[in-house]
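Protein chains in written order, with our numbering: chain A, 1 to 426; chain B, 427 to 852.
Keep in mind that the hints were calculated from the coordinates and are not lab data. One or more of the hints may lead you astray.
Now the in silico label distances, taken between C-beta atoms and shown as ranges [to be verified]:
1. B:747 - A:326: 26 to 34 Å
2. A:297 - B:722: 34 to 42 Å
3. A:224 - B:687: 28 to 36 Å
4. A:357 - B:747: 26 to 34 Å
5. A:58 - B:747: 45 to 53 Å
A short list of chain B residues far from chain A (calculated; beta carbon distances all over 12 Å) [stated by the list, open to error]:
6. 435
7. 443
8. 584
9. 735
Glycine is no exception: its CB is placed at the ideal position from the N, C-alpha and C atoms.
Protein chains: 2
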Amino acid sequence: MAALKINSERLNSMLKSTCTSWGALGAPSTGMSRLTLTQEDKKVRDWLIGECKALGCEVRIDQMGNIFAIRPGTAKDKKPIAMGSHLDTQPTGGRYDGILGVHAALEVLCTLHENQVETYCPIALIDWTNEEGARFPGAMMASGVWSTKSSTPLEACWGIQDKEGVSMKQALEDIAYLGSTPCDYRENGLESHFELHIEQGPLLERANKTVGVVTSVQGMKWYAVQVTGAGGHSGTTPMLDRSDALVATSRLITAVRDTARKTELGVATVGVITCDTYSQATIPARVDFIMDIRCSTDEMVDQLATTIFKTFDTIIKEENNGTSYEIKRTWGLPKSIFHPQCIEAVRASALKEVSENQIMDMKSRAGHDSAWTSRVCPTSMIFVPSKDGISHNPNEYTSPEHCALGAQILLQAVLGYDEKVRKGDY
Amino acid sequence: MAALKINSERLNSMLKSTCTSWGALGAPSTGMSRLTLTQEDKKVRDWLIGECKALGCEVRIDQMGNIFAIRPGTAKDKKPIAMGSHLDTQPTGGRYDGILGVHAALEVLCTLHENQVETYCPIALIDWTNEEGARFPGAMMASGVWSTKSSTPLEACWGIQDKEGVSMKQALEDIAYLGSTPCDYRENGLESHFELHIEQGPLLERANKTVGVVTSVQGMKWYAVQVTGAGGHSGTTPMLDRSDALVATSRLITAVRDTARKTELGVATVGVITCDTYSQATIPARVDFIMDIRCSTDEMVDQLATTIFKTFDTIIKEENNGTSYEIKRTWGLPKSIFHPQCIEAVRASALKEVSENQIMDMKSRAGHDSAWTSRVCPTSMIFVPSKDGISHNPNEYTSPEHCALGAQILLQAVLGYDEKVRKGDY
Numbered sequence: 001m002a003a004l005k006i007n008s009e010r011l012n013s014m015l016k017s018t019c020t021s022w023g024a025l026g027a028p029s030t031g032m033s034r035l036t037l038t039q040e041d042k043k044v045r046d047w048l049i050g051e052c053k054a055l056g057c058e059v060r061i062d063q064m065g066n067i068f069a070i071r072p073g074t075a076k077d078k079k080p081i082a083m084g085s086h087l088d089t090q091p092t093g094g095r096y097d098g099i100l101g102v103h104a105a106l107e108v109l110c111t112l113h114e115n116q117v118e119t120y121c122p123i124a125l126i127d128w129t130n131e132e133g134a135r136f137p138g139a140m141m142a143s144g145v146w147s148t149k150s151s152t153p154l155e156a157c158w159g160i161q162d163k164e165g166v167s168m169k170q171a172l173e174d175i176a177y178l179g180s181t182p183c184d185y186r187e188n189g190l191e192s193h194f195e196l197h198i199e200q201g202p203l204l205e206r207a208n209k210t211v212g213v214v215t216s217v218q219g220m221k222w223y224a225v226q227v228t229g230a231g232g233h234s235g236t237t238p239m240l241d242r243s244d245a246l247v248a249t250s251r252l253i254t255a256v257r258d259t260a261r262k263t264e265l266g267v268a269t270v271g272v273i274t275c276d277t278y279s280q281a282t283i284p285a286r287v288d289f290i291m292d293i294r295c296s297t298d299e300m301v302d303q304l305a306t307t308i309f310k311t312f313d314t315i316i317k318e319e320n321n322g323t324s325y326e327i328k329r330t331w332g333l334p335k336s337i338f339h340p341q342c343i344e345a346v347r348a349s350a351l352k353e354v355s356e357n358q359i360m361d362m363k364s365r366a367g368h369d370s371a372w373t374s375r376v377c378p379t380s381m382i383f384v385p386s387k388d389g390i391s392h393n394p395n396e397y398t399s400p401e402h403c404a405l406g407a408q409i410l411l412q413a414v415l416g417y418d419e420k421v422r423k424g425d426y
Numbered sequence: 427m428a429a430l431k432i433n434s435e436r437l438n439s440m441l442k443s444t445c446t447s448w449g450a451l452g453a454p455s456t457g458m459s460r461l462t463l464t465q466e467d468k469k470v471r472d473w474l475i476g477e478c479k480a481l482g483c484e485v486r487i488d489q490m491g492n493i494f495a496i497r498p499g500t501a502k503d504k505k506p507i508a509m510g511s512h513l514d515t516q517p518t519g520g521r522y523d524g525i526l527g528v529h530a531a532l533e534v535l536c537t538l539h540e541n542q543v544e545t546y547c548p549i550a551l552i553d554w555t556n557e558e559g560a561r562f563p564g565a566m567m568a569s570g571v572w573s574t575k576s577s578t579p580l581e582a583c584w585g586i587q588d589k590e591g592v593s594m595k596q597a598l599e600d601i602a603y604l605g606s607t608p609c610d611y612r613e614n615g616l617e618s619h620f621e622l623h624i625e626q627g628p629l630l631e632r633a634n635k636t637v638g639v640v641t642s643v644q645g646m647k648w649y650a651v652q653v654t655g656a657g658g659h660s661g662t663t664p665m666l667d668r669s670d671a672l673v674a675t676s677r678l679i680t681a682v683r684d685t686a687r688k689t690e691l692g693v694a695t696v697g698v699i700t701c702d703t704y705s706q707a708t709i710p711a712r713v714d715f716i717m718d719i720r721c722s723t724d725e726m727v728d729q730l731a732t733t734i735f736k737t738f739d740t741i742i743k744e745e746n747n748g749t750s751y752e753i754k755r756t757w758g759l760p761k762s763i764f765h766p767q768c769i770e771a772v773r774a775s776a777l778k779e780v781s782e783n784q785i786m787d788m789k790s791r792a793g794h795d796s797a798w799t800s801r802v803c804p805t806s807m808i809f810v811p812s813k814d815g816i817s818h819n820p821n822e823y824t825s826p827e828h829c830a831l832g833a834q835i836l837l838q839a840v841l842g843y844d845e846k847v848r849k850g851d852y
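The whole structure should be built from the sequences, with the hints applied where relevant.
Below, the structure written as structure tokens:
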């Protein structure tokens, strides 16, 4: 089994081919814009299912459009060991975030198929729907539903609308991916879940390492902040008479960054902002923005949020001009702890490919579908380096060698885990 | 002639009636959303033309949709003395900005008609198209074309598009207001131009005065600022590695306000902002905003702009993280000086209605169509108080008494000016 090798050339050329065909921003950029459940997403899904069926997989589509492609094992009573990730991207994302994980899983299935490997457990490839939450707000949406641990259950997710007012359910129907398999781990369960992903940060590269063994996912919370002032004419309202919601917002956003830097508790970001006026001659009366906070522990998330809100209070008091703010919690993912058995399977697999000093245990600073699966089945992840730590950006890049290394470790981790189950160890 | 009085009840009830009928935001608000060249605007224009024709006026529509309703005078070789303003509003504006000026002009025509007054010059009512620039960017657009002094001439204005991609020319055609009269003062000229308007600021109210004799319009310039950073993942990019365009923008916007306050040179406002990301998990790579600067003199505008840009440079240097900014001048209106004869006509008229201590000479801090007409014909304006100085806001309010006072002063100013022309003084 040690001799089993994925095909790097096949993996990388196939990844390039699908990214060029469906959702590419266009040369010279290798950037992607493949929003979930669009026609581009449908095309790559259709292609994926065709490939998996050709490899002898049974394909199930669940109620959230998640694709489960299952290669049978010899055991008749075992659930699949899964390799999951996602094919959707940010509006201006890259070609590796999520996509690499699904392609690596397909490459593992190809390798098993061409080597006629008989596994004990069934082996599944999963494409999770709407991981990015970029079209339908709510990241890792469909794995959250599947885990039944998300605060947004199936019916609520179906009702969420995109900017054009299209509901998730409608979008699933529009591309014929509203499946009948229950989106519920209790009815369509897994033995375990592995995910290869790019790091999306600079830590592996800086430490000059090539493999991250992911042991946890940091906690994260989003807050919707609404700042209210008073409108007025930009020419006639004296500076000292203004209650300018955008100036107040600007001070709050600066404080978000400064507080995160100062406390060193984690990261805090404002990415989405909308201002109520589109006429230049009007002083903004209302601004809405979303603040994203992520820290190693849930306690640190709350501590950073509390510290930021205290600076908000100080700023609004200083402004002393009638501006005010309100906060609403909109989304969160508590810290996720990965499973020792899966972590061990990844580490053992990595050690077969690279020397120990190339490997680093790390937490994931981004959310992933594995964060949800880890709540209901043993889970871990493999990270490979991101050039300059860049992600969610057309300049996202991971070398073909690192992509192949990740896929190879995924293969061995799955086989290693399967072997433990076969032996009755897990 | 001293006995000639406008009808306050008719003026105020008609203003209320048209505002309730066409473009109202709806009770309990008295706010308006009557964007230029929309169906609401068409309906109020159609109504206005009907009223003017019933009063014996000749109506001309020019190439920018400006409505000239002209009541004949006895002199055959004189151009009209005009009373102009606008019927369009901001997206969430009030019922007095512009609208009062047109209604007052109509009330003057009614008063002249029912008293069978024969003026020497023709008397014109003008509804100027797209004063607000809220639908088609570029405030006071059509009076600018008419004056031939605007940097955006007829064909360029026709090509300007609204947010839905409808061109100005198309919009004019859509509501049948693309007229054939040349939009050019040299071919469709005026003897002089008077405009009644609400102050839109708090100065009259604070000084406990009721009439502003407007002697000038302050200079104003708009700048488009583009801030560039680098995108990235909000979870994985360490705080110190970020080049966050929105944080940099926030510091710049705060500096715009603080610099205007500190220098006391004038007012500076950021009203429109767009951020390139609509996915929360992404660090903004690009933000665009528009800065509006207005001061008593053009030199002060430039001085305030220069001081603000210096603080921008300091901030970007402090950020020291790869963010940068670029500036483009987008629109401007140099200071406008009104004509002594028109100013005198307004002052003399005001003195017939109120005691001298009720009257204040003032500059206009907002742009008005009169700023453009003043460049090609004698012009002045009358201001009446705005409650709490609020404008461009549904809470905009001017009392019926002040509306009537303004209309009465407009009537007498026009008649006084006409008398001077008749006598050969002007």
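According to the definition I'm using, a residue is off the interface if its beta carbon is farther than 12 Å from all beta carbons of the partner; does residue 443 of chain B meet that for chain A? Fine: 25 Å to the nearest Cβ keeps residue 443 of chain B off the interface.
Non-interface claim for residue 735 of chain B versus chain A (Cβ beyond 12 Å): Correct as stated: the minimum Cβ-Cβ distance to chain A is 17 Å, above 12 Å.
Taking the closest pair, is the beta carbon of residue 584 of chain B still more than 12 Å from chain A? The claim holds: residue 584 of chain B sits with its nearest Cβ about 21 Å from chain A, beyond 12 Å.
Beta-carbon spacing of residue 224 of chain A to residue 687 of chain B - inside the hinted bounds 28 to 36 Å or not: For residue 687 of chain B against residue 224 of chain A, whose Cβ atoms are near 30 Å apart, the range 28 to 36 Å holds.
Can you tell me whether the CB distance of residue 297 of chain A to residue 722 of chain B sits inside 34 to 42 Å? violated (57 Å)
Was residue 435 of chain B rightly flagged as not at the interface, with every chain A Cβ beyond 12 Å? Per Cβ check, residue 435 of chain B is outside 12 Å of chain A; nearest 29 Å; holds.
For the pair residue 58 of chain A and residue 747 of chain B, does the Cβ-Cβ distance stay inside 45 to 53 Å? holds (51 Å)
Lying within 26 to 34 Å: is that true of the beta-carbon distance residue 357 of chain A to residue 747 of chain B? For residue 357 of chain A and residue 747 of chain B the Cβ distance comes to about 32 Å; the hint holds.
Does 26 to 34 Å hold as the CB distance between residue 747 of chain B and residue 326 of chain A, or does it fail? holds (31 Å)
Checked against the numbered hints given earlier, the structure breaks only hint 2 and satisfies all the rest.
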